[in-house]
Amino acid sequence: MSATTAASAPVLTSTPIALPPPSSFARRFAHNPTAMVSLILLTLIVLVAVFAPYLAPHDPARSSLRNILKPPSAMYLLGSDDLGRDVLSRLIFASRLSLVASVQAVAIALGIGLPLGLISGYVGGWVDTIIMRFNDALMSFPALILAVVIVGLLGPSLTNAMTAIGLVYAPRIMRVVRASTLSVRQEVYITAARATGCGDARIIMRHVLPNVTGPLVVQATVLMGQALLAEAGLSFLGLGVQPPEASWGAILGTAFPYMAQSPVPTIAAGLVISVTVLCFNLIGDGIRDSVGRMRRAGD
Amino acid sequence: MAFTNDAALLEVNDLVVQFPSPNGWLTVVDKVSFSVGRNDIVCVVGESGSGKSVTMQAAVGLVQPKGGRVTSGSVHFEGQELIGMGNRQLNRIRGNAIGFIFQEPMSSLNPAYTVGEQIAEVVRRHRGASRRDAWKRAVEMLDRVNIASAASRAHDYPHQFSGGMRQRVMIAMAIACDPKLLIADEPTTSLDVTIQSLILELIRELQRESGMSVLFITHDLGVVADIARSVVVMYGAQVVESASVEDLFRAPKHPYTGGLLEAMPQVALERGHDPVAIPGTVAQAHAWPSGCRFNPRCVFRQDGVCTTAPIVLSRDDHGLVRCARSSELRGVLAGMGIRQLGSAA
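Chains as they are written, first to last, in numbering that gives the first Met the number 0: chain W, 0 to 298; chain Z, 0 to 344.
Nothing false has been slipped in among the hints.
Partial list, computed: chain Z residues near chain W (C-beta under 8 Å):
1. 59
2. 61
3. 64
4. 86
5. 90
6. 91
7. 94
8. 103
9. 107
10. 108
11. 121
No lab work stands behind these hints, which were simulated from the structure alone. We put the beta carbon where it would ideally sit given N, CA and C, even for glycine.
Can you build the whole structure from these sequences, using the hints too?
Below, the structure is given as structure tokens:
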């Protein structure tokens with residue numbers, strides 16, 4: 000951490016009493032090239048999603064029966080699919096659905112898993128037992144099957160599919176948060192916080208939560224990628240996104256059977272999914288390495 | 000004498016604390032009583048496992064979250080009963096009127112916040128100070144505990160400090176709200192001797208300036224001689240002796256205290272022999288011997304007298320002692336005492 004100290008020193012000596020710098024986290028993150036490249040890539044993907052109508056060369060839903068399964072050309076940069084729709088345009092528009100769907104699923108997983116994990120780990124006792132047995136039951140189902148059941152109950156739509164994925168992933172978040180909370184709870188600084196007059200709620204929010212963010216962020220970003228894949232699976236089964244709209248997974252699903260005749264759409268969709276998932280994971284690693292808890296070996 | 004002080008700041012009476020174990024509830028603090036006057040420094044001495052830390056933590060309600068329970072006794076702080084007080088009220092006292100310093104400076108600061116933020120948080124919560132004022136106070140406190148260039152160091156995270164520095168930060172946090180009582184739980188144990196004496200000097204200096212009382216837990220008699228005004232010696236979850244620091248060192252009344260003095264290298268050196276260790280180890284809480292809990296290790300043990308009935312804490316004109324043979328051993332034990340207190344420190 001000598002770099003941080005050196006970087007902060009000139010700023011601080013200029014004023015005798017300065018407030019804490021706005022974010023030393025951002026500075027550390029910016030010094031991590033892998034994470035920065037991933038962040039830039041992901042930002043590009045997000046920008047593509049935002050400006051899809053301006054970037055897409057064709058209407059993603061317009062089919063042309065005379066141009067079925069065309070190889071890449073000036074007209075169709077990534078070729079056309081089995082209904083003669085432009086694959087590039089579809090991928091560009093699909094980024095909107097895919098990104099929002101993953102964020103939605105992970106947000107639901109976090110919204111359920113984080114508070115329950117914190118409570119379960121911090122309170123312990125019978126509260127923990129009840130939450131964890133429920134958790135075990137949920138985890139013992141195969142994730143996709145459970146999602147299929149939930150979508151079956153709620154009706155097929157992308158929102159319902161991602162709610163289902165979020166529910167299915169909540170136990171994973173919960174487990175990670177609970178495990179970290181259990182170890183953080185034993186730390187002397189928790190007792191010390193109590194000795195300075197912190198109540199339970201404050202201890203959880205101010206002292207436990209920041210110290211479980213490392214593993215949590217990693218888990219959440221991994222889940223972003225997995226949610227993207229799960230969405231692809233559900234959409235492939237017709238339980239997620241409904242035609243004519245498309246997500247990356249749906250495009251991959253429709254292109255896959257024609258891979259022998261026209262490999263480019265499959266590869267393109269697969270590549271987009273892989274790169275995005277990789278970006279999420281690498282950003283997660285970058286965040287983990289940059290948050291304010293520096294207790295790894297050698298520090 | 001601490002025990003006769005009516006206007007005591009902190010008065011612990013017959014405190015009993017238990018923790019769960021596979022063998023049922025274990026009594027780890029057994030009817031412990033002592034008091035701390037205003038502007039006083041009291042040391043609680045004892046081996047690991049004698050119940051000294053738990054006593055202090057129980058006094059301010061810190062054992063319940065760890066699974067322990069206070070089964071009886073009372074703790075009066077400025078006339079208020081702390082045992083059974085709700086957490087909401089206790090939280091107004093903890094960190095405000097009572098500061099706490101822990102044994103492990105390496106792990107008692109939250110790694111997620113800068114030290115300045117951690118001190119400022121305590122000030123903001125208890126004093127309702129603005130962010131800026133609280134930060135100012137944090138820097139002021141860091142400066143007060145002799146941290147060089149406090150204004151910039153306040154922005155550093157705990158891992159950027161050494162053990163001694165972290166303990167200074169802990170002290171700064173504990174005294175940031177001008178507590179009336181500072182409870183220091185072996186604050187120097189994990190530090191090297193040089194740093195230890197600097198920290199002791201700092202605590203003494205802060206005490207002198209502010210007039211706060213200090214309750215100092217230690218297992219180092221050298222530290223006791225250095226800092227204490229009165230001493231409570233604990234063994235096997237009980238108080239075995241209590242006296243002013245001069246009386247305790249000059250004429251110990253309990254064989255255990257005598258043994259502790261004999262085991263001090265400084266004392267042994269002065270007398271020209273090797274330190275004499277107390278034989279054996281402390282019994283486990285579930286297996287206290289009957290009679291005097293120290294009897295299996297006591298060189299003055301007399302079967303029948305020491306090994307049957309529990310020994311009561313008796314008072315004489317110099318303090319309290321829990322020994323069946325204290326009056327007959329007075330002469331022998333006094334011989335173990337130290338004339339010059341300074342030589343022990």
